[in-house]
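Residue numbers (numbering that gives the first Met the number 0), protein chains in the order written: chain A, 0 to 253; chain B, 0 to 279.
Careful: at least some of the hints might be erroneous.
Where chain B lies over chain A, by a calculated footprint (3+ residues, C-beta under 8 Å) [as the list claims (entries may be wrong)]: (1) 60–73; (2) 78–88; (3) 99–113; (4) 224–236.
Some chain B residues flagged as far from chain A (calculated, every beta-carbon gap over 10 Å) [said to hold, decoys possible]: (5) F75; (6) S79; (7) T90; (8) V110; (9) G119; (10) I120; (11) E125; (12) V162; (13) S163; (14) H167; (15) L236; (16) R241; (17) L250; (18) L256; (19) A257.
Worth flagging that the hints you see were computed from the coordinates, not collected in a lab. C-beta: ideal position from N, C-alpha, C; glycine also.
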Amino acid sequence: MTPLLELRSVSRHFGGVAALSNVSFSLPRGAVIGLIGPNGSGKTTLMNVISGVDAPTDGAILLDGAPVQGLPANLLARRGIARTFQHIRLIPDLTALQNVTLALRTPSAGALDILLRLPRLGRIERDRRACGLKLLDQVGAGQHADTLAGGLSYGDRRRIEIARALASEPRLLLLDEPAAGMTHSERTSLRDLIAGLPERGLTVLLVEHDMDLVMGVCDEIHVLNQGNSIASGKPEAVRSDPKVIEAYLGAEDA
Amino acid sequence: MTDLFYAYHNVIDLCLLNSMLAFGCFILLGVNLFSLATGGLMAIGAYLSIWLTMQQGWSFAPALTAALVAASLAAFGLGSLVLRLRGDYFTMATLAFTEVVRIIALNWDSVTGGALGVFGIPQLTETWQLAGLLALVIYLIWAVRHSAVGERMRAIAADELAVSTAGHDVARFKLALFTASGAIAGLGGGLAAHLNMFIAPGDFGFLRSVDTVIAPVLGGVWNLAGPVIGASVLVVLPEALRFSAQMREILIGVTMLAVVLFLPAGLVGLPKLSRRRAAS
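So here's chain B without its partners, still in its complex pose:
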């Protein structure tokens, strides 16, 4: 068992980290917000935290806290501006944000190392920290979902107008969720930066944002297991398909397509489906 852990601990770390990040998108998908801001918000958390640990001599926990706070504030500011946009326009605006952050990171050499990236980052992120923080995120989301606030979330997903005529400020509610998702992305960014010894602006771009939002869609948007399953599949699948670089992308794409077409509830819907098959 310990051998297995050492052989695969990179994969396990990535599963845990990406699951946590996926929850940031999961809470937004719950109110029909499809955000691609994750990459940009992660970058803010990542660069701030390594600057604090490497150049300011901060220890890990306060640096992570700072990353979380900074990304929350950034999400609050971004959300105030772009949450009024509808559907596709909101998604495009969040993508633009991620691109702007990436381009700033490319050019701000003194902090980000420019296109070459930052080397020699201390590896402070431990598997138990990732597991503990993921558990905390899951618990918090579970507690909110099983409360009147969770009911309001489901109501907003179904009919915003009905919720606002019931006396609730839907815009403020979405801004709070967006800020919370920023907190998760910032924390995840700080953890990701201290997981490997190297980061570069490309690590936090469009693809990172897309991967993070795809994970809950793949796993299931309505079930707390969804983001964990989706993110883990997205980590493990490319490893399993390592034999061919081209086939890899294609097979991942095909898997996504199949899930969207045949499992609208995501992979968490799979057992129910096979049970129904067995019964009939």
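Isolated chain A (complex conformation):
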């Protein structure tokens, strides 16, 4: 079976700086794949390139075997790639619920429904509201549905951003440091949430610094250092890989 997503020698250069060089790996369907590496190793650049926020300088990205590199973000979202951001990008002056319904795939009202305020409009908006509430409940933020996103805590906003990503009914979910700024108990429920995603038909690429979370939830881990893929494999193998330890702790002189 073709993997859901395959990266073939993906590179991204900014002027003379290689943020990514020849990164290749694939995401099997229904897997939770971790992407780790020290700061500046290219993790977010890779997320941007996969989600269409940025385009690779070289290489190919195949979704279901079809090349998708360089497509704009909105088309990739339509084709099933959703993401969250390291720096949360909720709309502060919309409510939590409105932020989620923004990404819903369920049909929105047509121009005539809106301009003539046909009865259909109310029904459609109610359906969308119900969908959004369900998603907010799933991430544990249902009680904040009608609060403006700008006024919520960091952990809540992170969860609402995940709900928004899920609203587009993705097949591939890219999570960029979802646990950052979360309390211990929030991390535990985040872990349960991520672990449950493959059952719903999702494949997850997780960038995260919280090693307990990464080791606990990922089927496989890829390690980036200075834009190069330096290791990949099962969590236990990666954890004890000398190259990974070196990348994180620096080379030992003694």
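We have chain A; now place chain B onto it with these hints.
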């Protein structure tokens, strides 16, 4: 009351017309687009509609409809080209469009009368039409703002990247808004041309574009009352300051500056501010 209406009906007509035009810029400002194309789009609507009513014998309503459609198409074409430009560059490109239209109008004597303008235009625009069409524009914008589309507009204003990663084509959305604003400008142009007996290319230039975009900024960009208040102040203020030609420009400039500096929400923010003053 009727005496008052007859004494001031010119001013009232202008308030209504300029309010409607201001809504064309209002919907663009809502997604951070600062357009100076209004003058050029108005000119297209104005010249087409008077050509149809004066030379082709069309009646007013179809001529206005044609003006609206033509300016929408022009806005669609212009938007397809210039909406990819960012910020200042977009504004400059829309200004260039207005200038190009003005220069064409200056030289296309057979339709526009060149620099001398067109005289003897039938005065077909009635106050009730202006009021009714303004009400219609306000209703349509209100309906859109109170829907999922309005939420998307606010989201685009705050963070375009978040909206596109949520699966929406931001460029197409902006093009639709720009086309709608072109429709308003074209309609306004047709109404403006049949309001006075005379138009000339200078009526639809840089100053017209600036006045139209300033009105919502002055009144308030986030409130539906903003464009009406802003446009009305801009019509009434020069009338009130008629005693001095030089002071007029200066005082209008000072008023603008004061509003931008002290009332970031526009004049609609004034009652809230004075209430807060009274409370403290």
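Tested hints:
1. 60–73: holds (count 3)
2. 78–88: holds (count 4)
3. 99–113: Our answer is that it holds, as 7 residues pass the Cβ test (under 8 Å) against chain B, meeting three.
4. 224–236: Contact hint for the stretch 224–236 of chain A vs chain B: violated, 0 residues under 8 Å.
5. F75: 16 Å, holds
6. S79: Holds, because the least Cβ-Cβ distance between B:S79 and chain A comes to about 16 Å, which exceeds 10 Å.
7. T90: Non-interface label stands for B:T90: nearest chain A Cβ at 24 Å, farther than 10 Å.
8. V110: Holds, because the least Cβ-Cβ distance between B:V110 and chain A comes to about 34 Å, which exceeds 10 Å.
9. G119: 38 Å, holds
10. I120: The claim holds: B:I120 sits with its nearest Cβ about 32 Å from chain A, beyond 10 Å.
11. E125: Answer for B:E125: holds, closest chain A Cβ roughly 25 Å.
12. V162: 7 Å, violated
13. S163: Nearest chain A Cβ is 4 Å from B:S163, so the label is violated.
14. H167: 6 Å, violated
15. L236: 31 Å, holds
16. R241: 41 Å, holds
17. L250: The assertion about B:L250 holds, with a minimum of 34 Å to chain A.
18. L256: Holds: least Cβ distance 27 Å, greater than 10 Å.
19. A257: 26 Å, holds
Violated hints, listed in ascending order, are 4, 12, 13 and 14; each of the other numbered hints is respected by the structure.
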